[in-house]
Each structure stands twice: as structure tokens, then as C-alpha cells.
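Chemist: Chains A and B are the protein sequences, given in the same order.
Note that the first sequence covers residues 143 to 446 in my numbering.
Note that the second sequence covers residues 24 to 431 in my numbering.
Think of the hints as simulated: they come from the structure by calculation, not from any bench.
Small disclaimer: the values here were computed from a predicted structure and weren't measured.
All C-beta atoms in this analysis are idealised placements derived from N, C-alpha and C, irrespective of residue type, glycine included.
Check before you lean on any hint, since a few could be wrong.
Stated by the list, open to error - Lysine-lysine pairs mimicking DSS-like chemistry, simulated, CA-CA at most 25 Å apart:
#, chain 1, residue 1, chain 2, residue 2
1, B, Lys424, A, Lys222
2, B, Lys427, A, Lys200
3, A, Lys222, B, Lys420
4, B, Lys328, B, Lys77
5, B, Lys89, A, Lys200
As the list claims (entries may be wrong) - Here are some chain A residues pointing at chain B (derived, C-beta under 8 Å):
#, residue
6, Ser198
7, Ser298
8, Gly301
9, Tyr391
10, Glu408
11, Gly410
12, Tyr411
As the list claims (entries may be wrong) - Just a sample of chain B residues kept apart from chain A, beta carbon distances all over 12 Å, derived:
#, residue
13, Gly45
14, Asp167
15, Thr178
16, Phe224
17, Arg246
18, Glu292
19, Asp298
20, Arg336
21, Gln365
22, Asp368
23, Lys373
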Amino acid sequence: MAVASYKNHKTFWHRNRIAITPWLFLLPGLFMFLIYVILPIFQSIWISFYEWDGLSPKNYVGFENYLELIDDENFYTSLKNNIIWLILYMLAVPVGLFIALFLNQTVTGIRIYKSLFFFPFVLSQIVVGLVFTWFYNPANGIFAIILGFFGVEAPSILGNEDYVTYGIIAAGLWPQIAYCMILFLTGLNNVSPDQVEAGRLDNAKGWKMLWYIILPQLRPATFIAIVVTVIGALRSFDLISIMTQGGPYGSSRVLAYYMYETALSEYGYRMGYGATIATILFLIMMVYITFFLWRMYQQEKEGA
Amino acid sequence: MKSLLLALLTSALLFSQTAWSGELVINFDGPDPAPKKAFEMVIAAFEKANPDVKVKWNLFDHEGYKTSIRNFLSANPPDVAAWYAGNRMAPFVNAGLFEDVSDVWESAGYNKSLAAAAPSLTIDGKKWGVPYTYYQWGVYYRKDIFEKMGIAVPTNWKQFLDACATLKKGGVTPITIGTKYLWTAAGVFDYLNLRVNGYDFHNDLTAGKVKYTDPKMQLVFDRWDELVKPGYFVKNHASLSWQDALAPMVQGKAAMYVMGNFAVAPLKEAGLTDDTLGFFQFPEITAGLAKAEEAPTDTFHIPAKAKNKEDARKFLSFIAQADIQTEWNKILGQLPVNNQSQVADDKFLKAGFNILNNAKGIAQFYDRDAPAAMAKAGMEGFQEYMIHPDRREKILKRLDKVQKRAYK
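So that you can see chain A by itself, here it is in the shape it has in the complex (with noise of 0.2 Å):
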């Protein structure tokens, strides 16, 4: 009786702590999140549906932003731009990987040539952006003083739409490789002894050691690298905005920079137009966010 009383009054926190502590802890977090992450994206959404310039009242247009999106030329150029930006990006994971296989060795003075190599990560983007637009200064940039060595005249990398972009990237990948090396540097430190003299013992060598062998054991630190570098390439913001700011006439602009400048740069306070890229770079992200937690998904259903 005094057991069954007992129980009759036990609080409600005492009945559900198990499932609500979790939340308590939980809620701080996901009360930041809803504030700056979730509630940003719908009122994203909400205003591209308005002409609005920031200051004098909104006026809602409709879908006539998007209406506008789809024939505007600019909007294409930044995405097949983006696209550029993804798949070249990716050159700094394999490349970041030969290094590391190359620098992963026991020679005296290695821990210089690791840190010369791992040196240009630490170098802020914008100081990367700068170096490389004078790199590349048809003048007297060390690329033309190259070129001019051989007989070539340098062409305007930063001033023609055609190699604009590649430029970019070439800048973008030096530290990203570096990054990427990193990495695998610290992976190639957990490759068991044991597998890989078994596989010495199996007269494994070479390409086949590394296919079979390392790579696997480098899954971890690959799929870091691969998304790092996806995200780098999706920020390449910064070096964008102080190499050519999107020039020469907008042909090295990516989505994030186009809706910077329609939404808030000297010429822009576009509101409206600047959420509806942004609206649609999201969707753009959430079609590959979904297929990349979708593989993580399977990938650990396997696993388990």
C-alpha cells in the first residue's frame, strides 16, 4: 500500500526525466539554431517574394523574382560558375593525398618539409587572394616575368572571362590541398603496421598496397576532406570578392557572391532579388546535403 502510494505520487518530472533530460540539455542549442539558422531561411524565403530596397516600405511582388531569375543571364554565369568551383575544388583531395603519401616518411628534416607544406593553410584567404592578384599581374607579376622567360605573352588572367575563374581556383586550391594533406597526414598515422605487412606478406606493392590496403583505412579521414572541401568551394566568397569582386563584367561571380552584391553591396540593396538567389542556391544545397545524409545513412546501416 505504502509502495503503490508511493508511486501514485510521483511528479511527472520523475516519470519522464530519462526522456526529457536529454532536451533540457538539447534546448539551448536548439534555441540558437531555430533563431540564426531555421527562422533566417523562412524569412529568406518570405522576402524574396517582396521588392523591397532595406529602407522604404516592401511591396509584394509575388513569384515575380523568380520570373525575373530565370532570364537573367548573371544567374547563369554564377551557377555554371559554382559548378566549376566543385569539381575542380575537388583536385585538392587526391593531390592532398600524394603529398601526405609523399611526406609520410622518416627522413631527417621531415617535420621542416611538413610544415612548409602545411604553411599556406595558415595563411588567411584574403592574404592568399592578394598574393595571387599580384601573381598573376600581367605587368610584372611573377607569372608573366615566367612566361615572358620563355617567350610567351602573359595573357590577363584576372581580366579575361575565359581563364578568370581557373584563377581563382588555382589560388583557392593551394590552401585547400595543403588542408587536405593535413588530414591525411594524421590518417596515414593510424594505418595499421599489421594489415600492411600482411598485405607486404600477400605480395601486395604499389598501386595495389594503396587501393586495397591504405585507402580503406583512410576512409575517415577522406570523407572529412571531401566535405571540407565541398564547403571550401561553396565559401569561395572571399577570394572572389578580393581577387576580381565578380569582375571582369560579373564573369567570375558564384551564386553567394552575385546575391552579396544584388543584396548588399554599393550597387545592390536589392532585397528581394538577392533572397530569391539565396533561396535557390539553398535549394541547390539541400539536393546534395540530402544525398550526402542519405549515403551516411546507408553507409552506417551497413556498418552497424
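Position chain B against the provided structure of chain A, taking the given hints into account.
Modeler: Then chain B, alone, in the frame of chain A:
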């Protein structure tokens, strides 16, 4: 004891009262040495003339100011704010953030003495700010190279093209330009347009009343072709800033620069002198057409939500005075807007003052006369045209599309 306390209290009250009513807050965006020094001088003179007013001024970075003004005008307005004339002030006027200051213009005959800048400060028949400085645009050239090659200062288009041809043959690039930040190309376009079609057409175009595919625009680009196609502009201009483009001129590799007067200071610092550097008015193209000039004007405005509008009006009226503008612009190395002012003893300023006083009209500049979205697309179009002159039609059609949207 009680009376002493009371006296203290009243004096404190009085003091805070005067401090409150007599404090004038000014936001200003000239952190460079000359504008800053000049502004300090003006503030000191204003405080001397109005001992009961205490000026508190905030100095902003030039680029950052363009963003901050949008915030502080509505959130935390000063009593006076620096800005620009023309379409650049239109968004603030239309949003009701600037105060109508027509009365300041009336008060001391400024409608007459500042007449040159009046149209660019008028929207809906009212004046929204007071101008204090502007500067001329034109062609800066290497006098010594012209003399060596026996070229006279060109006054019409044919002479100008001949000069270019002679320079090119002599191994000197005729015109230097850096279009990386776009607006320099707009300077060339504006001048070609002003000389081919005139001031009214410039205004109609930037007001969205004429299309970019208008036959008259073709005439402008026909003239531009005559400079672009033979390669009279410096190579790789799309990767040069306007400062980068000074180098070929200083080194004697290029001979002319279509620019604003602010280019004189860095050119002289780099070693050119009054003997090697000259200035001439952009030559005539359509014979007999009255010449209009570019002269971007800097201004001061009163935010609509300012607390101390009375003293702000005093300040605006003060900076429009002839003697103040004389002193101010001597330090700035620019031209006073007030036509009763004196110009500094400098051959470039004197030439500019002369040209502007005889101008048919004063254009602010393509990107200050046209609304922002149009200006950006237009300037990108001009840059693209200068690299690919064969894309003219495509570019003009695109600009028509932007125009239709931007002027809705």
C-alpha cells in the same frame, strides 16, 4: 546651504540644457589627410562663428560609410550627414529620410550662387542638401610626349583620333585606363555620349527615358569603336585599378588619361610636374553642340529624424558661404561650388573652374545619375564592350532589359 545647492542644481540644469540644445552631431566620410584637415578647419570656423554650438563629428571610412548611412539614418541619425548629389541621394529622399532644405537655399541667395549644382540636388522641385565641393573631369596628358611628337592639343574628334594614331605609331599607347572597378569606363562613355548627343540625352538616358538600343546610342559606340578597335586603350585594362593605370602614364608608355582631377595629386607625387602634365577639355564630336561636363558633387544633408535641425540648418548655410568654400577647397585641391568663391592658384583647378563655369550642364557621373541597378549593369556592359567590341548589340539589348526593370 540650501540656496547653494539650489544654485548648483539650476546651473547644472542650465548647463545640461545648453549642452543638449547646442550639440551638433555630424557624420562625415573623409578620413584621408586633406579632407580631414579641411573639415577640421571648417568645424573650427563654424564654432567660432556660433559660440553656443558645440560640434561633435564622427569620421567614417569611405567605403564603410555607404553601408552605415543606411543604418544610422533610420536608427541613430546625426544632425548632419555627408553624401552625394544626383540619383545617389534619391533612395533616401524617397524613403523620407532626408529633410527638405529648400529654405536654406532661399535664405542667403544660394539659389543664385550655387546654381550650377541646383539641378542635381533637386527632387520633386525641392532641394535636399547643400553642395560644398566638386571637381572637373577631362583629359590629362603628357605634355612632353605631345611636344616631342609634334602633336597639338586636340579640340575636335578628328584631331583627337589623329593624335592617337601618331602616338600609337610612335610606340606610345594613346590612352591609359583601368576598368577593374568599372566606373572609369563609365567616364569615357559619359564623355562620348555628352559630346555626341548632349546633356539632355545624358539625362534622358540615366532617367530611363531613352532605350540603350536607341539609334543615337549606336553613334556613341561608333565613336568608341574608333578608339577600341585600333587598340588605343592600354592592354589588360580589366585587371587594372585606376591607380594601376597611372603607372604607364608616369613611365611615358601611355600619353592620355580620361579622369577626374583627383588623379593630378598621385601623378605629381610619382614625379610628373606642371611641365610634363597637362589638361584639356574632352574634344568636340558633334560640331556646334553645347558642351556639358562631368563634375561629381559632394554634399551635406539633414536627416529627417535629426534632433537639432535648427543648428543643422545654420551649419548647411555656413558651408555654402563663398569664403568658407574658398578655404575648404584650397585644402582639398578641388573646386568650390559657390560661384563667388576663389579658386586656388593651380593650373588644373583654374582650367577646370573655367570649363565648368561655361558648361551647358553638369553631369554627376553615370553611376550617380542612373539608379544603382542600372549603373552596375551599364558599367559592366561598358567594360565588356571595351574588351569585346563585337558584342555591342548583345550588350545593348541586355541593358534594355535591365532598364525596363530598374525604372519600374
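Chemist: Could you run down the list of hints and mark each one as holding or not?
Modeler: Structure-based check of each hint:
A hinted pair counts as satisfied when its Cα atoms are at most 25 Å apart, and Lys424(B) with Lys222(A) qualifies at roughly 22 Å. Restraint check: the Cα-Cα separation between Lys427(B) and Lys200(A) comes to about 20 Å, which is no more than 25 Å; the hinted pair holds. Taking the CA atoms of Lys222(A) and Lys420(B), the gap is about 22 Å. The hint holds against a cut of 25 Å. Restraint check for Lys328(B) and Lys77(B): satisfied, since their Cα atoms lie roughly 19 Å apart, inside the 25 Å limit.
Restraint check: the Cα-Cα separation between Lys89(B) and Lys200(A) comes to about 21 Å, which is no more than 25 Å; the hinted pair holds. Residue-level restraint check for Ser198(A) holds (minimum Cβ-Cβ distance to chain B is 5 Å; threshold 8 Å). Of the supplied interface hints, the one on Ser298(A) holds, with its beta-carbon coming within about 4 Å of a beta-carbon of chain B, less than 8 Å. For the restraint placing Gly301(A) at the interface with chain B, the shortest Cβ-Cβ distance is roughly 3 Å, inside the 8 Å limit, so the hint holds.
Because the beta carbon of Tyr391(A) sits about 4 Å from the nearest beta carbon in chain B, less than 8 Å, this interface hint is met. Taken as an interface hint, Glu408(A) checks out: its beta carbon lies about 5 Å from the nearest beta carbon of chain B, inside 8 Å. The interface hint given for Gly410(A) is met, as the beta carbon of that residue sits about 7 Å from the closest beta carbon of chain B, less than 8 Å. Hint status for Tyr411(A): holds, given a least beta-carbon distance of 7 Å to chain B, under 8 Å.
With a least CB separation of 30 Å from chain A, Gly45(B) remains clear of the 12 Å interface cut-off, as annotated. The non-interface label for Asp167(B) is consistent with chain A: the shortest C-beta to C-beta separation is roughly 22 Å, beyond 12 Å. Listed as outside the interface, Thr178(B) is consistent with that label: its C-beta sits roughly 33 Å from the nearest C-beta of chain A, beyond the 12 Å cut-off. For Phe224(B), the non-interface assignment is confirmed: its Cβ lies about 23 Å from the closest Cβ of chain A, beyond the 12 Å cut-off.
Every CB of chain A lies more than 12 Å from the CB of Arg246(B), the least distance being 21 Å, so the non-interface label holds. Residue placement check: Glu292(B) keeps its beta carbon more than 12 Å from all beta carbons of chain A (closest about 20 Å). Asp298(B), annotated as away from the interface, keeps every beta carbon of chain A farther than 12 Å; the closest lies near 27 Å. Every beta carbon of chain A lies more than 12 Å from that of Arg336(B), the smallest distance being close to 24 Å; the non-interface claim holds.
Look at Gln365(B): its CB is around 34 Å from the nearest CB on chain A, clear of 12 Å, so calling it non-interface holds up. Every CB of chain A is more than 12 Å from the CB of Asp368(B) (nearest about 36 Å), matching its label as outside the interface. No beta-carbon of chain A is positioned within 12 Å of the beta-carbon of Lys373(B); the least distance is around 33 Å.
In this structure, every one of the numbered hints holds.
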